[in-house]
Amino acid sequence: MTRVGFLFALAYRSSIVMTCVTLVAQVFLLRMIWTAVYGSRAEAAGLTLEALLAYLTLANLQSFATQTLVSRVIHHRIRSGTVFFDLARPIGYLRQMAAFQAGNTAGSLLLLAPVVPVVLLVGSITAPVNGPGYVVTLVLGYVIAVQLALLISLLGFWMLEIGAVSLLYQLVSQFFAGTMVPLAFFPGFLGTLAEVLPFKYMGYVPAAIYVGHISDISGPLLVELAWVAGLWALLALAWSRTHRRVVIQGG
Amino acid sequence: MIRVDGLTKVFRRPRTFSGPFGALRTLVTRQYEEKTAVDDVSFDIGEGEVIGYLGPNGAGKSTTIKILTGILTPTAGTVRVNGLVPWRDRSANARRVGVVFGQRSQLWWDLPLIESLRLVGSLYDMPAARFEASLKKLRDLLGLDEFLDTPVRQLSLGQRMRGDLAAAVLYEPPLLYLDEPTVGLDVLAKEAVREFIVETNRTGRTTVILTTHDLADVEALCKRIILIDHGKVLFDGPIDALVDQPRRLVVLLESAPEEVRGVSRDDQGRHVFDIHGDLPAMIASISAEHTIRDLSIEEPDLESVIKGIYAR
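Line by line, the protein sequences are chains G and Y.
Heads up, the first sequence is in UniProt numbering, so the first residue is 1 and it goes up one at a time.
Heads up, the second sequence is in UniProt numbering, so the first residue is 1 and it goes up one at a time.
Please keep in mind that the hints were generated in silico from the structure rather than gathered at the bench.
Do not rely on the hints blindly, as some may be mistaken.
Simulated pairs of lysine to any residue, SDA-like, Cα-Cα distance not exceeding 25 Å [to be verified]:
id: 1; chain 1: Y; residue 1: K136; chain 2: Y; residue 2: G158
id: 2; chain 1: Y; residue 1: K136; chain 2: Y; residue 2: P174
id: 3; chain 1: Y; residue 1: K190; chain 2: G; residue 2: R245
id: 4; chain 1: Y; residue 1: K35; chain 2: G; residue 2: L112
id: 5; chain 1: Y; residue 1: K190; chain 2: Y; residue 2: L155
id: 6; chain 1: Y; residue 1: K35; chain 2: G; residue 2: L121
id: 7; chain 1: Y; residue 1: K35; chain 2: G; residue 2: T242
Not close to chain G: a few residues of chain Y, all C-beta gaps over 12 Å, as computed [as the list claims (entries may be wrong)]:
id: 8; residue: S42
id: 9; residue: A94
id: 10; residue: L148
id: 11; residue: D164
id: 12; residue: P257
Every residue, glycine too, gets a C-beta built ideally from N, C-alpha and C.
Next comes chain Y alone, as it looks inside the complex (with noise of 0.2 Å):
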């Protein structure tokens, strides 16, 4: 459905110059300097996955996203969508894809809720039964019914993401793009907002690249994840894979020694050692020549996985 290949995203702007008269002088310089956002990217996605694309602040996931909705055109590199290029057939590929940015807001502010929603009927040509239809079945789907009416300035966080999410699946794009749809959120409202991906998911078939910094919603939802960072692909494949390392034994010695059976200590005074076969012996065989103060035992999460592929 998806097919990135070799995509490269570099930005030339005038270079900026501070001091007394370094606006002018940004004004008038032929100096620029280039920044690669997005550094020869590649990945498949096919029909009804469900991606996690995750990276820090400023790794190049919203510029891959507005590549693939065909707002920015590429430096290098080719994109198909459904077998459309999304920069050349911008139109097309606009009316089979949906976007949710959680921290903006494609509602209009001042109108009431479902102002929004009709214009959005209107701007992808929906005859008036397929929207009433898709409507009904949002309505009951987000509990829309309660704030329909209201302007969306006056709805809480949680009724305007509902609202965005609504906007962006009405015309039932089979491919969504959803970036930080949670950020915000209260507990219930973010469980409310993965229900629904999971059921968009499930009932249309829906693929859905899904950047989010809360790895709860990772874990709720995706199978597979490509982790960016500085524009470069660091990690791409089941999250399963990820996370499938043994768990660790950390403990704390009163002595401290510099290394037990090969494991040396770490910089918080404490060994970590990898755990194969029969815990209670290896307690057992360490506390048999140390003393232990403390003890605990780590299960591998994605969090600290991630963390570590950042830190490489």
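Only chain G is shown next, with the shape it has when bound in the complex (with noise of 0.2 Å):
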């Protein structure tokens, strides 16, 4: 199944590739953006534009890498009825998207990567404070990020349409990981909502750790395991739920 993903990412390479173009588009424009905001000001919120702009890079890259198809897939084939088919397997079902979404984003990486020196080009960077941190922390972003995803899947095993959910799942993933406006500016209630929220784990944090705006990653780590763990927990829960319905309902 993994090899399967894999090869759907190169299969659909045109998307990627454009994909690609609006990623450096976006860099570019945060940059303009950011540096006129900054103006003469040396930094803000505890944050230098030189590290600003790292941090945006570093966050729409990671935004971009830990993107995910496969609720996509899980709806098409859901619409199509070849879902029997996933059902039908020895496999688990859960288990199947999974491995199909790693194969699928190492696909992704893989186009990714001849994109990586523009983005840095365009945007900036700066050499990692905390490396080692930057890449755990990223890891189980990105295992939160396809947990999430496939969570909101099984939703399409109740509704017939869920493209108007996963917009908005898109946006507000994308809004409150980071990947515009650090969380660290984010006022008052906004900022603890974000700080809640299991989103900022696929951009803001890891980058912030990158970048050396977060010194300490015990508590986020841990955070991050809490919630790979409790939502391991729930997508088992819930897929106990929707698979009950599908044999008694037939989906």
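The two chains are supplied separately, each in an independent frame; assemble them into the complex guided by the hints.
Dropping the structure here:
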């Protein structure tokens, strides 16, 4: 299944190439805007312009790398009825879909790789302050992203149309991941909300660790592990309820 | 091999409403409507049999197959497939059955055919050597070589169906469910599919349950059929018994009398006699009394017999 996901990414390379173009454009625009906003100020909310630009470049790269296709594929397979075959396999459904997503991400990263230097050129980057911490928190953040995507996908077994829900989810998750504006700039209530939601682990937290804005990683790491465990349990519960509905109602 | 006893499946769905706020009412309603898709169905199928599982659209065929594959749980009744309860031992059962749905494909649309087959090999834990051996056999049998590396979306329907058959039998399941495997195919492609089914059944002692609307498939492949409609079994037995009826003589008489020899005129103005014994003598004696305008002899065939059963 991993292999299929990987090949799936290559089969749709034109769409991924377009995504890469979007990524370059977005990083470029963010750089223009934030440079203008900073003007002559040396730093804001404890971030220098240099760190901020490095942060934004990274956060956007991450956001594109942790994007998931799995909910769209699941939705399509439910509507076309081919989900029947997935359910008839000896391997668990969620395991198949997670494997698909892992392969798909690997394929996307392969296509993303040549664009990375361009993005870094258009944006800006500094040497990592805490490389290993960055990698660990990012990988866990990716796991959270896949778990959430699977959770959203399960809605497709209950509702006929989840296009709008997915779109909303994508917008909310990108915003609260801090790909446009770092979470340190979020005011009051919004800041608290962003702090509580898990989306920051896909963007803000790893990138902030990279640029040294967060220095003690033990706290975020523990919370991330708790999220992974909690979502794992939630996913198992949601799937058993969904599966019960499928076997009784025929989906 | 398969033992089904008193199988019943009732779907319970929220009542749907029409009208301006229909969708909303449907969403919040506590009223449900029940539909019995399969109603007290029982049958036994032995190893190596090829069964025609027939019925009109919506008769409950696919629901039965979904229960037998373990995807649906029944409302009542017991099922044993190879000694397993399909929905309880879902994973073990899945390894021992292959499924083809002619209307849907298990192949990945955008990838070359070989990749879907590789996926099946890995999902069913096939060791590389066994996978290669099985694939080689299927490549010869189904002539896959010419399109093995072509994306599935570019295949013709006949090629795609051959690919689906290959994916269903790759891991050599002892039981095969084929749901309309010849739907939409041209005569030659149908023939290829039938030959493949015969071959698989013969060499692997594979049990086949075949659902189809093409009775030529049934005549070519099945010795026994199970006929269902409205979820109930209407007939279960050898085809021979079903079509073992006398030939019939159909005559159109000039005078079109109400009744001739105890046979009354049908709605097309014809008289239909069962043929017993001497046919020329029968015709001679009718023409002695009436002027025959037209005459034909009907062989009993599966289609008309089945139509007759549905109409009851």
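Taking the hints in turn, this is what the structure says about them:
| no. | hint | in the structure |
| --- | --- | --- |
| 1 | K136/Y x G158/Y | holds, 20 Å |
| 2 | K136/Y x P174/Y | holds, 19 Å |
| 3 | K190/Y x R245/G | violated, 37 Å |
| 4 | K35/Y x L112/G | violated, 51 Å |
| 5 | K190/Y x L155/Y | holds, 16 Å |
| 6 | K35/Y x L121/G | violated, 63 Å |
| 7 | K35/Y x T242/G | holds, 21 Å |
| 8 | S42 | holds, 21 Å |
| 9 | A94 | violated, 4 Å |
| 10 | L148 | holds, 15 Å |
| 11 | D164 | violated, 10 Å |
| 12 | P257 | holds, 55 Å |
Hints 3, 4, 6, 9 and 11 from the earlier list are contradicted by this structure; the remaining hints agree with it.
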